[in-house]
Structure formats: C-alpha cells, structure tokens
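If you're matching them up, the sequences are chains A and B in order.
So in our numbering, spot 8 of the first sequence is number 8, and the numbers just go up one at a time.
So in our numbering, spot 87 of the second sequence is number 87, and the numbers just go up one at a time.
Careful: at least some of the hints might be erroneous.
As the list claims (entries may be wrong) - In silico negatives: residues of chain B with every beta carbon more than 12 Å from chain A:
{"#": "1", "residue": "V4"}
{"#": "2", "residue": "V128"}
{"#": "3", "residue": "A148"}
{"#": "4", "residue": "R151"}
{"#": "5", "residue": "M247"}
Claimed, not checked - Here's a subset of chain B near chain A, in silico, CB distances under 7 Å, partners left out:
{"#": "6", "residue": "D89"}
{"#": "7", "residue": "V91"}
{"#": "8", "residue": "S93"}
{"#": "9", "residue": "G103"}
{"#": "10", "residue": "A274"}
Said to hold, decoys possible - Okay, the calculated beta carbon distance ranges per label pair:
{"#": "11", "chain 1": "B", "residue 1": "K177", "chain 2": "A", "residue 2": "W205", "range": "53 to 61 Å"}
{"#": "12", "chain 1": "A", "residue 1": "R59", "chain 2": "B", "residue 2": "L166", "range": "52 to 60 Å"}
{"#": "13", "chain 1": "B", "residue 1": "V81", "chain 2": "A", "residue 2": "P234", "range": "28 to 36 Å"}
{"#": "14", "chain 1": "B", "residue 1": "A5", "chain 2": "A", "residue 2": "R59", "range": "55 to 63 Å"}
{"#": "15", "chain 1": "B", "residue 1": "V206", "chain 2": "A", "residue 2": "K186", "range": "35 to 43 Å"}
{"#": "16", "chain 1": "A", "residue 1": "R59", "chain 2": "B", "residue 2": "A211", "range": "30 to 38 Å"}
{"#": "17", "chain 1": "A", "residue 1": "L15", "chain 2": "B", "residue 2": "N60", "range": "51 to 59 Å"}
{"#": "18", "chain 1": "B", "residue 1": "G129", "chain 2": "A", "residue 2": "G146", "range": "42 to 50 Å"}
{"#": "19", "chain 1": "B", "residue 1": "A5", "chain 2": "A", "residue 2": "G146", "range": "41 to 49 Å"}
{"#": "20", "chain 1": "B", "residue 1": "N174", "chain 2": "A", "residue 2": "P234", "range": "27 to 35 Å"}
{"#": "21", "chain 1": "B", "residue 1": "N255", "chain 2": "A", "residue 2": "A55", "range": "52 to 60 Å"}
{"#": "22", "chain 1": "A", "residue 1": "P111", "chain 2": "B", "residue 2": "L271", "range": "37 to 45 Å"}
{"#": "23", "chain 1": "A", "residue 1": "P43", "chain 2": "B", "residue 2": "Y136", "range": "47 to 55 Å"}
Since the hints were made in silico from the structure, they are not lab data.
Heads up, the beta-carbon is just placed ideally off N, CA and C, and yes, glycines get one too.
Chain residues, written in single-letter form:
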Amino acid sequence: MPNDSRWKQVLKDGLEALTVPVLATIVGLAVGMLAIIIAGKDPVAASRAFYRAVAGEPRMFGETLVSTIPLIFTGLAVAFAYRCGLFNIGVEGQYLMAQIAVVVVGVFWTPPPGLAWLHPILALAAGALAGALWAGISGVLKAWRGIHEVINSIMLNYVGLFMADWLLKYYLRPDNSRAASFDLQKTAWLQQGLIEGSRLHTGLWVALGAVVVVWIILFKTSLGYEIRSVGFSPGAAEYGGISVAKSLILAMAISGALAGLAGAVQTMGINHRFNETAAFVGYGFDGIAVALVGRLHPVGVVLAALLFGALDRSGPMMQAMADVPKAVVWIVQGAVIFFVAAEGLWSFLKKRRVKKEVTTA
Amino acid sequence: MIWVALSTLLIATLRSATPLLLAALGGIFSERSGVVNIALEGIMLSGAWGAVFFSYISGNAWVGLLGAILVGVLMAGLHAVASIKYHADQVVSGTAINLLATGFTEFMLNRIWGQAGGSPSVAAIPNVGGLSLFVYLAFGLAIVSWFALYRTPWGLRLRSVGEHPLAADTVGINVYKMRYAGVLLSGVFGGLAGASLSIGLLSRFVHGMSAGKGFIALAAVIFGNWNPLGAMGATLLFGASESLGTMFQIFGIENVPTQFFAMTPYVLTMLALAGFVGRSVAPAADGVPYKKTT
Chain A
1 MPNDSRWKQV
11 LKDGLEALTV
21 PVLATIVGLA
31 VGMLAIIIAG
41 KDPVAASRAF
51 YRAVAGEPRM
61 FGETLVSTIP
71 LIFTGLAVAF
81 AYRCGLFNIG
91 VEGQYLMAQI
101 AVVVVGVFWT
111 PPPGLAWLHP
121 ILALAAGALA
131 GALWAGISGV
141 LKAWRGIHEV
151 INSIMLNYVG
161 LFMADWLLKY
171 YLRPDNSRAA
181 SFDLQKTAWL
191 QQGLIEGSRL
201 HTGLWVALGA
211 VVVVWIILFK
221 TSLGYEIRSV
231 GFSPGAAEYG
241 GISVAKSLIL
251 AMAISGALAG
261 LAGAVQTMGI
271 NHRFNETAAF
281 VGYGFDGIAV
291 ALVGRLHPVG
301 VVLAALLFGA
311 LDRSGPMMQA
321 MADVPKAVVW
331 IVQGAVIFFV
341 AAEGLWSFLK
351 KRRVKKEVTT
361 A
Chain B
1 MIWVALSTLL
11 IATLRSATPL
21 LLAALGGIFS
31 ERSGVVNIAL
41 EGIMLSGAWG
51 AVFFSYISGN
61 AWVGLLGAIL
71 VGVLMAGLHA
81 VASIKYHADQ
91 VVSGTAINLL
101 ATGFTEFMLN
111 RIWGQAGGSP
121 SVAAIPNVGG
131 LSLFVYLAFG
141 LAIVSWFALY
151 RTPWGLRLRS
161 VGEHPLAADT
171 VGINVYKMRY
181 AGVLLSGVFG
191 GLAGASLSIG
201 LLSRFVHGMS
211 AGKGFIALAA
221 VIFGNWNPLG
231 AMGATLLFGA
241 SESLGTMFQI
251 FGIENVPTQF
261 FAMTPYVLTM
271 LALAGFVGRS
281 VAPAADGVPY
291 KKTT
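If we strip away everything but chain A, and leave its shape as in the complex, we get:
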C-alpha cells in the first residue's frame, strides 16, 4: 500500500529529525550530572528530587505545566520566524511590551455588565498586538533597509526593558513605594485550578490552541507556504512571484504576537500584575532553545517546552531537596543549546550512515 510507505517515511523523517536534539539533551543532562558530582552532591538524590519536583504528584505536574506554558509560546514564536529565515531574538522585549498592554486593558477598562467574558479576550488580543507591533519594527526595518533583525531585536529588547520600566514607574502603579503595577481586575484573569493544588490556569488551552493555529498557518495555508519558501531561499521565492518583504514583515509580526501571548498569559494567569523588573525573565532566550530542540515544528516545540519547563521548575526544588545549586539548570540549558547549535559535531553519525548505504548499495 502506498499510504503505508508514506507513513513509514514520515516516521523515519521524524526519528531522524529527533536524533540531534535527543543526543544534545542527553549530553546536556550528563554535563549537569557532572556539575552535581563536582559540587560534591549526590546525583541519585538530585535525580529523585528532579522527578519529585517535576511529576511526583499531580499538583507538582500542574506546576511543571505552569512553567511550560510561556515556553510553548516563546518556542513557537522563535520557530515561526525561523521558518522565514528570521532569527527573532527579541522575544524578551515583545513579552514585556505585551505585559504593559495587558495591564492597560486589564486595569483601566471595565467591561460593561454581561460582557465580562470579553475582558480576557481583549486583554489577550492587546498583548498579541503589542508583541506584533514591537516585533514588526524589526520586520519592517529588515524588509525596508535590509538591517539584520538580530541586531535590531537585541536593541529593541533593551529599549523595551527601559520603556516598560518608565511606563510602570510613571503611569501604571498606585504609588511610588510599590514595585508592581495596579492589579488586573478579576474579570481579566485566566482562571487557575485546572489541577487541584497547582496554579495551572486556562492559558494552557490558549497555548495548545496556538500550537494548532501555527501548524495550520505553516503547513496548510498559502501564507505559510510563502513564509517557508522565503526561509528556504529568498531569491527563488522572489523569482516565483512571492513578495519577500511582505513575508518577512508578516512572519516577524506573527512571531511577535506569539511572544506577546506569552507575556499576556503569564500576566493574566499567574502574576495578575506587572512586576518591576531590572532584567529579562529569560523565557525569550529559552524559547530559542525550545524552538531548536523542537526542530522548528509545533509538536516538537511542545515536547521541548516540557523539557525546559521541567528544568526551570526543578531548579529551586533540587536546591531545596538535594542542596544542588540552582545554577546547574542554566548549565544544562546552555549545554543543550550549544550541542544543538553545533550540529556539525554529530556529523560523524551521518557519515557512518552514508558509508553504510554506499556499501549496501
């Protein structure tokens, strides 16, 4: 049956795509284990603490999902832009600007009676829009002046950081002594308690919805086809009648909207306010890892987000339960990204396979 072989091919491609990320993860975890041993701590106790922290009880697993939700969004954001050949390293800034927009809608707008259900929807939309606009600046500058989006989005991250700080301090907080904005009105909250005893909130459904939407846009629409064509070869895409400029701007804006949703969902589901921040939260940088480990595929992104969510979650718990320094988690994350990035490191695997194919032919 031809259909049968097609599925076999999909499976084979899937397994092949997973080789490098899985190897990188194993080596990354091994590096972490090594660090734990160097620190003179018990790796077995640390592993047990890791498991208990991540999935020991339903409420623990709920908290792991809480850490996973923003990473699904930021991972999707980086992956989406990457499909168009764009490196969105500006997720952190887009995340911050979205939080500001959510505070504006969630604090200063009161829904008329009977329309309370509209509040979260509008707040999410405001967050997505703010993220899209902030990322759009990089997209437009890239399309219009050919300026590399990496540089622009790094600069915009910092401008966003200070802009958010300025808005918070001058306009969004009740008084000078408070290090956070006004609280969101309850109507703008995403409800918690999906798993009893954890803070798992309905943002999970928004995240899974985003996964489906991104999959449809990328693989089932002409926009997705155009975006992937530009990512594959801008020259060929232009020759084929695709507007490269339009694709670049749209891809960056959609990526920014996803990054914005990360900030919106976190604000509406967990914090219920915008907390003063002197540095980036790091979800954007983790998103790079999530996208790469997930092989730029929406389903892969969910799996990778779970991995990084579990790592984020386990840090404080391993510190408390097995006295393992929290920094081990950063080392593992850095190592995983590094080993995925240096894909060429693993080329000996490919070479051997090629040799085998040649000899069997």
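Chain B: place on chain A using the hints.
Chain B in isolation, oriented as in the chain A frame:
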C-alpha cells in the same frame, strides 16, 4: 563649580566607557574576521569571574588580570570551535555561551565561596592619576587595534577573511586560522573588559555583574562602524549618556526619566543602522560560516 561638574562628568564618562570599549574592541576583531559575536556578554561575565578567582587564589591582582584573559579566551574558544569548525549558527552558539556563562559563574561562586550573591573582596588593580589603569589600557588598545587592523598586513588579511573568505582562501590566506585569531582576540578583550568591572571598578565579583554591558558593547561595534576609533567614539557617547543621567539626578533635575538615558545607546544604534545617523556597513561575510571546498 561648573569646572568641578564638568571634570566629574568627564571622569564618570571615561569610567563607564572603559569596559564597553574593551569588549567592543574584541567584538570588532571577531566580526571583522566574519564571526558574529553576541557572546560578548558571557565572555565578559566569565572574565570578571576569572579575574576575581585568580586574584583570590594568588593574592595578586596582576595574576587576576591574566586569569581573566585565560577564562575569556576559553569561553571565546567554545564559540570559535562551534562556529568555525562545526559551522554552528553563530547567534545560537553565542546565546548558548551567554547562558553557560551565567550558570558557570553562579555555580563557581557557590562552589568556591559557598555564597550566591558575590565573592569576598580580593586584590584590585590600582588607580593611576585618579583613574583606573583600565582606562588607559582601553584607550591605548583602541589605537593599537586601529593600527593593527588598518596599517598591518595581518589586519588586511583579517579583514579580507571577513569580507570575502573565498577570495582570501584563493590567494593563500588560511581562513580558519584568521577566524580563530579574531574570535580568540575577542576572548582576550572580553576577559579584560570583565576584569575592568570586577578588579577595576570594584574588588569583587557580583552575580550577573556584566548586566547587559556586552550588548551595549555590541551596539558600540555597530554604531562605530566596526572600526576601533569609531567604537571609541561610540562608547564615549554611551558613557556620557549614562553619566549625564546620574548627573541630572544629583542636580535634582528629575523631569527627564533616567530610563531615557539608559535607552540612548540602543536607540542611537538603531537610528545609525536605519541610516539616519550615518551608514553602518557590516563586513560582508559576517555571520556566514565558511566551508572549504576541496
């Protein structure tokens, strides 16, 4: 009174420009050879740690200085191997190194001194004439770097590798060797930049003490058009904007939010890139891995 204010401002400007300039010079060597280096932040942080660690175990700040260079070069070496030998995406590799550096320095703080916030005090590099020695070092090295890049055959080769590696290869220049030199030099300078924070400004290591300075240095590289003297101008400008912010506060002028001064380097860099301040042109092969075809 006005002269006192001006000289205070000048000293504050030089002081904040110094770590930026050192890191920026490193960035220039790396990017001129064709390797994008957003790992400056992590290299700087590791260098700051290395300076304190070696100063601590030897009791000698000069050994600390060498240690900073050593640790900086090791970190840059990771980036070099990944991006030159294994053709990694340089931005991803740089991001990984920034994360690794945060984890590594924090881990080592915990391991060696058993504390998370910072290290104990160690011997620091002395001041000369009221200014940190690093100030003279940074501005001196800027001129040396300019000379090396634009007035020596080595500089010409380094730049050619960043502009057109294939052509350089054809005339017998070892592209890989030149790129390793560029990236490892960014480790030397990044390490010095870190040392200027930890055993220059302070005499200890503080968690996350590079605090985004590596990214401002990257902005200075671009704003200064990948030229050491340009970067020197840019870091002076950035340093002045930082000092002006503090000065305004001291004089009680508070209707200008400090955040606007903090934003200045980034906004100016974007304007420069967009062509509103002056054209900024990156080396043509910056960020493109070179694969030798034989």
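Here is what the structure says about each hint:
Remark: the non-interface label on V4(B) is consistent with the geometry, its nearest Cβ contact in chain A lying 30 Å away (cut-off 12 Å). Consistency note on V128(B): stated as away from chain A, and its beta-carbon is indeed over 12 Å from all of that chain's, at 33 Å minimum. Residue-level check passed: A148(B) sits 25 Å from the nearest beta carbon of chain A, beyond 12 Å. Listed as outside the interface, R151(B) is consistent with that label: its C-beta sits roughly 28 Å from the nearest C-beta of chain A, beyond the 12 Å cut-off.
With a minimum CB-CB distance of about 18 Å to chain A, M247(B) clears the 12 Å threshold, and the non-interface call stands. For D89(B), the interface hint holds, the least distance from its beta-carbon to any beta-carbon of chain A being 6 Å, beneath 7 Å. A cut of 7 Å between beta carbons decides the hint on V91(B): the least distance to chain A is about 5 Å, and the hint holds. Checking S93(B) against chain A by beta carbon gives a least distance of about 5 Å; that is within 7 Å, so the hint holds.
Below 7 Å, beta-carbon pairs count as interface contacts, and G103(B) has one with chain A at about 3 Å; its hint therefore holds. Of the supplied interface hints, the one on A274(B) holds, with its beta-carbon coming within about 6 Å of a beta-carbon of chain A, less than 7 Å. Between K177(B) and W205(A), the C-beta spacing of about 55 Å keeps the proposed range 53 to 61 Å intact. At about 59 Å, the CB distance of R59(A) to L166(B) agrees with the hint of 52 to 60 Å.
At about 30 Å, the beta-carbon gap between V81(B) and P234(A) stays in the expected band of 28 to 36 Å. Look at A5(B) against R59(A): about 59 Å separates their beta carbons, and that is inside 55 to 63 Å. At about 40 Å, the CB distance of V206(B) to K186(A) agrees with the hint of 35 to 43 Å. Against the hinted window of 30 to 38 Å, the Cβ-Cβ separation of R59(A) and A211(B) comes to about 36 Å, which satisfies the hint.
Judged by the Cβ atoms, the range 51 to 59 Å given for L15(A) and N60(B) holds: they are separated by roughly 55 Å. Distance hint check for G129(B) and G146(A): the Cβ-Cβ separation is about 46 Å, which falls inside the suggested range of 42 to 50 Å. Look at A5(B) against G146(A): about 43 Å separates their beta carbons, and that is inside 41 to 49 Å. For the hinted restraint 27 to 35 Å between N174(B) and P234(A), the CB-CB distance of approximately 31 Å keeps it satisfied.
For N255(B) and A55(A), the hinted distance range of 52 to 60 Å is satisfied, since their beta carbons lie about 53 Å from each other. Between P111(A) and L271(B) the beta carbon distance is about 40 Å. The supplied range of 37 to 45 Å therefore holds. Checked against the hint of 47 to 55 Å, the pair P43(A) and Y136(B) passes, with Cβ atoms roughly 48 Å apart.
The structure shown violates none of the earlier numbered hints.
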